[in-house]
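Participant: Chains as they are written, first to last, in the working numbering: chain V, 1 to 390; chain P, 1 to 390; chain X, 1 to 390; chain L, 1 to 390.
Hints may contain errors.
Each pair may be met inside one copy or between any two copies, as identical chains are not told apart.
[Stated by the list, open to error] For lysine-lysine, the following BS3-like pairs were computed, each having C-alpha atoms within a straight-line distance of at most 27 angstroms:
#, residue 1, residue 2
1, Lys274, Lys386
2, Lys191, Lys290
3, Lys274, Lys383
4, Lys284, Lys274
5, Lys284, Lys247
6, Lys9, Lys284
7, Lys172, Lys274
8, Lys50, Lys266
9, Lys284, Lys50
10, Lys386, Lys284
11, Lys172, Lys50
12, Lys266, Lys9
13, Lys247, Lys172
14, Lys247, Lys9
15, Lys274, Lys290
16, Lys383, Lys216
Hints are computed from structural coordinates only; laboratory data are not their basis.
4 protein chains.
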Amino acid sequence: MRHQSRRRKIAVVVTYRGAYARLKTFLQAVRNHPDLELQLIVGASALLEKYGGAVNVIEADGFEIAARIYFVLEGENPVTMAKTTGMGIMELATVLDNLRPDAVVVIGDRYESLGIAAAAAYMNTPVVHVQGGEVTGSIDEKVRHAITKLADLHLVATEGAAERVRRLGEEKDTVFVTGCSSIDLAATSTKDRTVDFPGLTQQYGAGPALDLAAGKYLLVMQHPVTTEYEDMYEHIHETLMAIFELKMPTLWFWPNVDAGSDKISKGLRVFREKYQPSFVHFFKNMPPEKFYKVVVNSACMIGSSSVGIRETSFLGVPSVTIGTRQAGRERGPNVMDVGYDRTEIVRAIRSQLVHGPYTPSTLYGDGRAGERMAAILADTQLKIEKRITY
Amino acid sequence: MRHQSRRRKIAVVVTYRGAYARLKTFLQAVRNHPDLELQLIVGASALLEKYGGAVNVIEADGFEIAARIYFVLEGENPVTMAKTTGMGIMELATVLDNLRPDAVVVIGDRYESLGIAAAAAYMNTPVVHVQGGEVTGSIDEKVRHAITKLADLHLVATEGAAERVRRLGEEKDTVFVTGCSSIDLAATSTKDRTVDFPGLTQQYGAGPALDLAAGKYLLVMQHPVTTEYEDMYEHIHETLMAIFELKMPTLWFWPNVDAGSDKISKGLRVFREKYQPSFVHFFKNMPPEKFYKVVVNSACMIGSSSVGIRETSFLGVPSVTIGTRQAGRERGPNVMDVGYDRTEIVRAIRSQLVHGPYTPSTLYGDGRAGERMAAILADTQLKIEKRITY
Amino acid sequence: MRHQSRRRKIAVVVTYRGAYARLKTFLQAVRNHPDLELQLIVGASALLEKYGGAVNVIEADGFEIAARIYFVLEGENPVTMAKTTGMGIMELATVLDNLRPDAVVVIGDRYESLGIAAAAAYMNTPVVHVQGGEVTGSIDEKVRHAITKLADLHLVATEGAAERVRRLGEEKDTVFVTGCSSIDLAATSTKDRTVDFPGLTQQYGAGPALDLAAGKYLLVMQHPVTTEYEDMYEHIHETLMAIFELKMPTLWFWPNVDAGSDKISKGLRVFREKYQPSFVHFFKNMPPEKFYKVVVNSACMIGSSSVGIRETSFLGVPSVTIGTRQAGRERGPNVMDVGYDRTEIVRAIRSQLVHGPYTPSTLYGDGRAGERMAAILADTQLKIEKRITY
Amino acid sequence: MRHQSRRRKIAVVVTYRGAYARLKTFLQAVRNHPDLELQLIVGASALLEKYGGAVNVIEADGFEIAARIYFVLEGENPVTMAKTTGMGIMELATVLDNLRPDAVVVIGDRYESLGIAAAAAYMNTPVVHVQGGEVTGSIDEKVRHAITKLADLHLVATEGAAERVRRLGEEKDTVFVTGCSSIDLAATSTKDRTVDFPGLTQQYGAGPALDLAAGKYLLVMQHPVTTEYEDMYEHIHETLMAIFELKMPTLWFWPNVDAGSDKISKGLRVFREKYQPSFVHFFKNMPPEKFYKVVVNSACMIGSSSVGIRETSFLGVPSVTIGTRQAGRERGPNVMDVGYDRTEIVRAIRSQLVHGPYTPSTLYGDGRAGERMAAILADTQLKIEKRITY
């Protein structure tokens with residue numbers, strides 16, 4: 001009888017605010033599944049207020065936290081990024097040794113994810129990789145595929161990604177196209193599109209009141225490209241000048257902690273002090289449900305976040321993707337790519353404003369990925385031995 | 001003019017005795033190359049006397065050591081193996097930050113290698129991977145291909161390996177077949193095959209005097225399979241009983257430090273105390289030059305070390321490979337595969353003894369890999385940006 | 001009403017076999033106290049089979065383990081000892097952050113203890129130090145008093161120790177003379193002095209059967225002195241030669257993990273192979289209850305362990321203390337001090353054999369320290385602010 | 001002959017901007033001493049631009065850096081502070097193992113200093129402690145005296161400090177009153193008191209031009225008290241409101257990285273946004289020579305930095321010291337102590353403004369400490385064995 005068998009313990013490690021948004025429906029599905037037990041580990045920048053203190057949102061959402069681990073080194077440069085990876089492994093090894101999960105779930109291509117996958121692999125714990133097989137630029141490209149090679153089960157967003165994972169030598173029966181669970185939350189959060197946050201700017205940013213009516217504002221989210229560490233300051237400057245030229249109300253989100261994020265932050269501060277652009281509102285964090293409402297109503301999303309490709313595709317929001325960070329990732333027709341050049345950026349945004357909303361696409365999912373992923377974890381055989389298929 | 005350009009600084013990290021043997025001719029070639037500067041980093045078990053203190057051999061060979069890093073956690077179990085990986089990253093990040101090499105060379109598929117590759121990748125230092133593209137079982141299989149995905153330049157041993165690295169999505173012009181530099185040392189060390197080590201057993205092992213004439217003794221080297229951590233003790237027991245049944249003079253080398261090596265060591269100790277087999281001589285370490293003389297004269301090499309596939313192939317020494325650790329690796333006709341079963345092992349060794357030496361093969365190299373590798377490092381463009389080729 | 005108030009959570013960190021023996025009655029008293037909740041953390045060599053796997057004994061005794069932390073670096077030299085201290089802090093910080101105790105108890109003067117005290121102090125958790133105020137040589141002397149300065153509550157063994165802690169500038173009402181809880185276990189374990197371990201030597205050591213009748217054998221326990229790291233091998237050699245000269249049945253316990261323990265181990269192994277002294281029986285570990293029976297029946301305890309001063313004093317066992325490790329520690333009349341010199345050692349042992357058992361002393365406690373300590377933890381105000389009293 | 005003997009290698013670890021200011025003349029004296037060789041290690045917040053990037057100033061001053069070590073964990077809370085201590089030990093152990101100094105110099109009472117002292121002590125390297133024996137509140141008080149107990153040589157600022165170190169059980173011939181080397185730099189930097197920094201506010205802060213004429217402005221430097229972690233935000237708020245009430249031109253320096261510094265920073269930012277006080281100029285860092293000119297000309301120094309006690313005493317600058325952080329430290333008549341209360345703070349500042357400059361005192365040194373300290377390091381016997389004197 002099912003209820004008598006031991007439930008599988010599924011450890012999920014959330015290390016930054018974006019990961020939580022992407023995993024939320026999956027986490028709920030695991031928690032609610034009769035055959036699964038969720039062991040939620042919160043660490044790295046997800047614990048730090050400076051980066052939005054995702055941990056508070058997670059607790060407010062009613063999740064029980066099995067362990068908290070601090071392991072981000074100060075510096076936001078390549079040395080400390082490497083050391084953070086190492087320290088993440090050390091911390092997670094202790095936690096896994098004490099929690100003894102049946103599988104560990106990692107998402108994406110960040111350095112913490114590589115550390116988590118490595119720790120779990122060495123501890124003979126099956127590694128489940130979410131969002132593998134995608135293509136981008138930068139160090140993320142190396143890390144994502146390295147995690148694929150360490151992982152035992154692959155829950156990917158698109159058919160293209162699945163094909164790539166298989167070509168990387170993974171066995172066919174370990175690769176599942178589930179769609180991306182970030183789409184789930186984007187879908188449910190935008191059923192009601194009304195953005196009515198009393199005191200939004202008071203709470204989350206500075207500047208005059210903001211009209212959040214659909215199509216009235218831009219949204220910027222630009223993350224560092226760690227392999228272009230030296231040029232980061234100039235890259236962000238181009239985006240800033242483009243926005244300054246457009247003079248439209250703009251919501252600007254601070255970057256993730258990464259090598260280079262200090263340079264981006266510095267760029268933002270210098271810009272703010274110099275130009276005092278009252279039409280730009282800066283945000284550190286926002287609960288994902290509110291965030292998606294803000295996305296769906298924006299006239300255009302700009303920057304280098306994967307949100308500008310994944311979620312905007314599903315929501316039909318025009319997107320301008322800057323630089324190399326997302327290069328190679330599958331994208332819908334709503335995305336225009338430009339270089340680190342203010343003229344190009346301005347021209348693309350104007351073109352998107354003219355175009356307006358796109359037809360929504362299910363390229364990255366249909367909004368039901370989370371439960372699909374949980375079901376696979378409950379039903380699939382979990383193993384740790386594998387061999388390249390060629 | 002060549003002499004005016006800055007020499008490329010090549011950091012090589014040696015973490016265990018076997019790695020030094022495999023890299024020695026390469027290290028010499030880098031040191032002697034007019035356009036290269038060697039930064040030799042010695043760490044992990046290569047610093048520990050308990051595992052043969054490779055550092056002493058390295059210094060005796062005249063190499064200058066740029067940095068020493070201790071980072072092996074006690075325990076020899078999956079938790080400490082993971083933690084060691086993490087700590088290796090942290091240590092290496094500091095060292096690389098202080099040495100600022102132009103490229104970092106890692107070899108093989110051990111956990112330290114993954115840590116090194118990750119640290120270098122995050123520090124935007126080109127990663128050169130030696131011995132990628134091979135196929136085996138166990139966690140090594142995961143780690144080897146993960147390192148390939150983190151690496152920027154691939155110096156592989158065989159055509160088969162090169163093909164596999166390319167199929168993993170690496171660009172063609174970053175993959176070079178150089179042969180394996182371990183063959184270099186095997187080749188030069190065995191030009192004179194005389195094994196005349198006065199006091200060999202006094203120095204390195206216990207038991208009655210050993211006749212090292214060609215074909216008169218067996219050689220065993222069995223490493224743990226970390227994904228079979230729980231069964232290790234029984235696995236080694238089968239090999240021990242096989243050797244006990246054959247009652248031939250045997251040189252037995254202690255295992256590497258790895259999850260499970262304590263279980264193997266325990267197996268060896270219990271066996272030694274119970275059976276007091278005067279014909280088995282245990283060794284912790286041996287300078288590689290002596291080691292290869294001992295290999296080339298052995299009647300058969302037994303166990304799970306890659307030496308039993310690579311070097312024996314070149315030397316034409318009969319080999320019996322036990323279990324899953326080397327499963328999938330390309331092999332010459334001199335290798336017989338068996339399971340963890342004393343009867344199978346005994347039968348295979350007897351069959352090899354009847355056959356005697358094999359025709360040498362250059363499958364894993366022609367003895368000139370080291371200088372070829374150094375030349376590539378001097379002449380090839382070093383870069384850190386890459387993207388999967390499909 | 002008492003049962004409604006929250007129980008104080010008392011975290012105790014056990015890092016080696018000796019610490020468990022010393023704390024066992026205290027741990028029981030905390031577990032049984034209605035106002036206290038025990039959070040037992042087991043780490044370092046207490047987790048390693050190589051050092052006696054104290055964790056197994058702890059679990060067999062019915063204690064629930066709140067967290068396990070591995071943090072011993074391989075090497076047993078000064079570098080790795082320092083790194084182990086650092087890693088202990090890192091690990092413990094995570095554990096304390098997750099367990100949130102009201103106080104942390106550390107014992108003695110080992111490097112792990114310093115790390116624990118530092119971690120707790122920085123985390124604003126009151127630090128309770130057991131066995132402060134004593135005097136010895138070596139690095140222990142530095143570390144013990146440094147821990148006193150980090151600690152908020154002092155549970156000391158003797159009046160002399162209490163006076164020393166107060167002179168170190170600690171406030172009087174934070175210093176309590178409880179006696180040493182190691183005496184508790186020595187007391188209860190030796191109520192019945194019969195040593196009747198069927199198959200003792202089979203289980204725990206090698207060699208011919210051992211007559212454990214009172215007064216028929218010697219007991220040796222010599223730990224490294226880390227500040228004399230370079231001379232360790234010769235120091236142990238003198239003790240070995242003294243025992244070899246006496247040719248009495250001898251139980252020899254392997255040393256703790258410390259810088260230098262590899263040198264002692266090597267000394268023991270070389271000696272064993274060279275002299276094959278059938279009358280010396282080597283032991284890695286023994287449950288403390290059995291150990292104390294073995295102590296009380298021994299003709300003389302020899303070496304540098306504090307057992308040779310504390311417990312032997314209470315048990316009236318003649319003791320010969322070698323070298324600087326225990327120099328300065330208060331001692332009863334049963335202790336003779338000698339240098340690292342085989343002639344001195346032999347002469348002292350012979351003199352002790354002539355003397356025979358001493359009158360028991362309560363210098364280090366009366367056998368009821370554990371419950372006294374627990375009561376203080378339940379009743380005393382716990383605070384973290386303090387200032388030197390002069 | 002002197003020049004033939006090997007020079008003593010003196011490792012000095014600088015971990016934050018204030019430490020460099022305090023040690024600069026000592027570092028110069030070591031570098032210039034014929035019998036000493038300086039091994040300058042720069043780590044922790046001294047490497048981070050966010051905290052003033054002291055490393056750039058150090059290099060601009062012509063010092064060669066022997067090693068850089070990153071080890072500050074993000075979070076600025078008790079957990080990460082503890083972990084940073086641990087990681088500092090791990091990093092420093094590697095560096096010391098590679099540099100092999102004859103002595104390690106640590107200053108003060110910060111967590112990095114405890115880690116450095118512990119690492120050096122375990123590595124059998126003599127520890128030289130600068131600024132021991134002083135009295136303050138907070139965790140610093142615990143850590144300072146713990147470092148004294150780990151240290152082998154004590155270079156203290158005042159006779160009172162020397163007496164305290166001796167009472168802590170240190171041998172008399174290891175305690176030297178040298179004065180505080182921070183006074184040296186204060187003395188030389190203020191020989192010419194002219195503050196004429198073209199573009200000071202452009203370079204270092206925001207706001208309208210600042211008149212730096214003597215007596216025309218206030219200077220604030222308030223660091224967190226880690227044991228009052230929870231109340232930090234309110235504490236800083238009181239100081240802010242006091243300054244806001246006074247409405248005098250004010251130079252405000254950001255706090256050190258410590259548990260609580262994020263709360264202080266947040267307080268500063270909220271205040272700045274809310275009140276937009278054009279008369280307050282915020283600074284992250286300033287070369288010490290400029291800083292001391294700014295101090296000597298200030299009408300009053302306010303906060304909890306030890307500068308408000310040490311250097312102001314020598315410079316005769318009125319000082320208002322807030323809260324518990326400096327409680328107990330010896331002070332001259334120029335210091336007024338107040339609680340975390342805006343009314344008290346305002347009243348004390350006004351009283352100091354009325355009083356004006358004080359007669360300079362040599363309580364903390366005469367301006368020649370650096371060379372005195374170097375001479376002691378060159379001439380004193382360095383040893384690692386010690387025992388408490390009572």
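Participant: Looking back at the numbered hints, which does the structure fail to meet, lowest number first?
Facilitator: Of the numbered hints given earlier, those the structure breaks are 1, 3, 6, 7, 10, 11, 12, 13, 14, 16, listed in rising order.
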